[in-house]
Amino acid sequence: MNEIEIKLSFPSASEDIVLRELTTLLEKKGNSRGLSNTYYDTPELSLRKSRWALRVRDMGGGRYEQTVKGMGKAQAGLHQRIEHNWPISSKALDLGLLKKVSEFPAENVRKVQPVFLTDFVRTAWKIESASAQNDALVGMGNDDFQIEIACDLGVIKVDGRQDSPISEIELELLHGQVESLISVGKRLVESIPCWLYTPSKAARGYGLLAGGCGFNSSEINSIATLSNWVDVMGRFVQKLANVTPGSVEISDFSLLIEVLEKKVLEANFAGDPWDELIVESRALAKINGLEELAHKMSRSTWLGRAGMAILSASLGNE
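All letters in the sequence shown, in the order written, are residues 6 to 323 by this note's numbering.
No wet-lab data here; the hints were simulated from the structure. Misleading hints may appear alongside valid ones.
Unchecked claim - Each computed BS3-like pair below joins lysine-lysine, with the alpha-carbon atoms no more than 30 Å apart:
no.: 1; residue 1: 116; residue 2: 131
no.: 2; residue 1: 34; residue 2: 116
no.: 3; residue 1: 291; residue 2: 131
no.: 4; residue 1: 33; residue 2: 191
no.: 5; residue 1: 244; residue 2: 267
no.: 6; residue 1: 131; residue 2: 74
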């Protein structure tokens, strides 16, 4: 089966605000549960090199699930990849199940070992076109759809020494067309300060294994498309949210705003929503300090709206 989802990130300090906004928007409390996940790979990280991820999820209550994901692509926060899930009886890998996935690189599978963990609490809602009764949901999609909205709060751990916070919203298309997923995403970013984020939890775990992950200022000059810009800006703001000294510079943000204006102009985008987004971006570019910028971005919906507009345009759904 194929997994199709949009990933949104937000500052971990904003988790209470985000959960409250989601509950208000969806007009009901979500279902919460703790999920502990162990990711496996060979000592040479051959699965990562082949663009596959293998994990076992402890779902609580003696329930476990084995998952493989791979052969995917990510575009401006929209993830599409192969995914297979199987219930298993314990937290031990069942290597025999991997034979059911013809594309999976099984040559070194017996050498796999745990490489990192993710632990988080997931609060989830399911919305359907047929059951959308409130004003916020009616008319979101143009077809019969079912979407899971999940807010994940927790941590990625490597060797018990390095960790990175998880604070993200995933919108997974369970049934229907991508256009409906885009419509729901656009509605969420109007209310919730967040941004599209390309790296998956697995990618972030592998980044920690490599000694670091995220934004690098040298990438700015290599941005070729607006989709690239969404990826780079998302990773910049992810680092900015932690306000790690020396990790980002205010000049990086100014350059990113310049690139945005240039790429919007090259694409001949004008009118709604582009004119408003550019005006907002210029106001943000006038901020002089990283702490002030981090504070502003933690409360602004600008980047989420810009990202969704770019994603929609890149898929021809303006």
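Verification of the hints:
no.	hint	verdict
1	116 <-> 131	violated (38 Å)
2	34 <-> 116	violated (43 Å)
3	291 <-> 131	violated (40 Å)
4	33 <-> 191	holds (20 Å)
5	244 <-> 267	holds (24 Å)
6	131 <-> 74	holds (22 Å)
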